[in-house]
Amino acid sequence: GAVVSQHPSWVICKSGTSVKIECRSLDFQATTMFWYRQFPKQSLMLMATSNEGSKATYEQGVEKDKFLINHASLTLSTLTVTSAHPEDSSFYICSILRPPMNTEAFFGQGTRLTVV
Amino acid sequence: AQTVTQSQPEMSVQEAETVTLSCTYDTSESNYYLFWYKQPPSRQMILVIRQEAYKQQNATENRFSVNFQKAAKSFSLKISDSQLGDTAMYFCAFIPSNAGGTSYGKLTFGQGTILTVHP
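First to last, the sequence lines map onto chains A and B.
Residue numbers for the first sequence follow this note's numbering, beginning at 69 and rising by one.
Residue numbers for the second sequence follow this note's numbering, beginning at 110 and rising by one.
Read the hints as simulated data drawn from the structure, not as lab findings.
Just to be clear, a hint being listed does not mean it is correct.
Each computed DSS-like pair below joins lysine-lysine, with the alpha-carbon atoms no more than 27 Å apart [unchecked claim]: (1) A:Lys82 to A:Lys134; (2) A:Lys109 to A:Lys134; (3) B:Lys182 to A:Lys109; (4) B:Lys164 to B:Lys182; (5) A:Lys134 to A:Lys88; (6) A:Lys109 to B:Lys187.
Use the sequences and the hints to build the structure in full.
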């Protein structure tokens with residue numbers, strides 16, 4: 069069964085609105101979760117590392133105020149795309165590493181965001 | 110910082126034949142893990158195979174095997190008896206680890222190779 073549950077699978081929103089994407093760890097507690105963005109036929113680009121109980125670590129070039137990350141519990145991290153614009157349309161994927169060795173990564177199903 | 114390079118954007122193979130996907134990486138780390146992930150049209154990422162850098166023996170998983178050349182920093186994936194279900198985008202990935210084998214940091218992905226298996 070799935071180890072990571074990501075919701076929703078797809079969402080269409082209007083420009084200027086905000087969208088929240090949830091990532092849940094189903095099998096174990098995850099102090100760290102990763103958020104990726106992927107354009108068609110391209111690689112996964114790490115956006116940020118979500119840390120439970122503390123601020124997320126954003127990759128260079130990722131707007132912190134646009135992509136709000138909250139990791140309020142050991143099993144849930146959320147990514148909120150604020151004031152969405154068409155250029156934010158993309159595929160977003162969350163991932164966790166299985167503790168304690170962190171040598172096995174699990175990925176959510178991904179969320180296809182379309183901003184119209 | 111680590112880099113992972115996949116120099117083949119697209120490849121194709123006939124069903125039942127063998128295909129090899131290339132991957133090179135660059136790192137100053139002594140300990141690390143290497144992975145091949147498959148992303149089929151559903152876009153769900155699936156682990157294909159994992160290699161621990163300290164192990165000289167190449168990892169195998171059924172029809173999938175790797176050729177790990179640590180000195181050359183090369184990590185190619187061989188798919189034998191290709192099946193239509195192997196059609197997907199394949200990513201090579203790297204994560205550093207400590208001497209005890211625990212990984213830290215983040216996965217670094219290559220650019221990906223789109224593999225198409227033809228009937």
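Hints versus structure:
{"no.": "1", "hint": "A:Lys82 to A:Lys134", "result": "holds (15 Å)"}
{"no.": "2", "hint": "A:Lys109 to A:Lys134", "result": "holds (24 Å)"}
{"no.": "3", "hint": "B:Lys182 to A:Lys109", "result": "holds (25 Å)"}
{"no.": "4", "hint": "B:Lys164 to B:Lys182", "result": "holds (14 Å)"}
{"no.": "5", "hint": "A:Lys134 to A:Lys88", "result": "holds (12 Å)"}
{"no.": "6", "hint": "A:Lys109 to B:Lys187", "result": "holds (21 Å)"}
Comparing the model with each numbered hint stated earlier shows that all of them hold.
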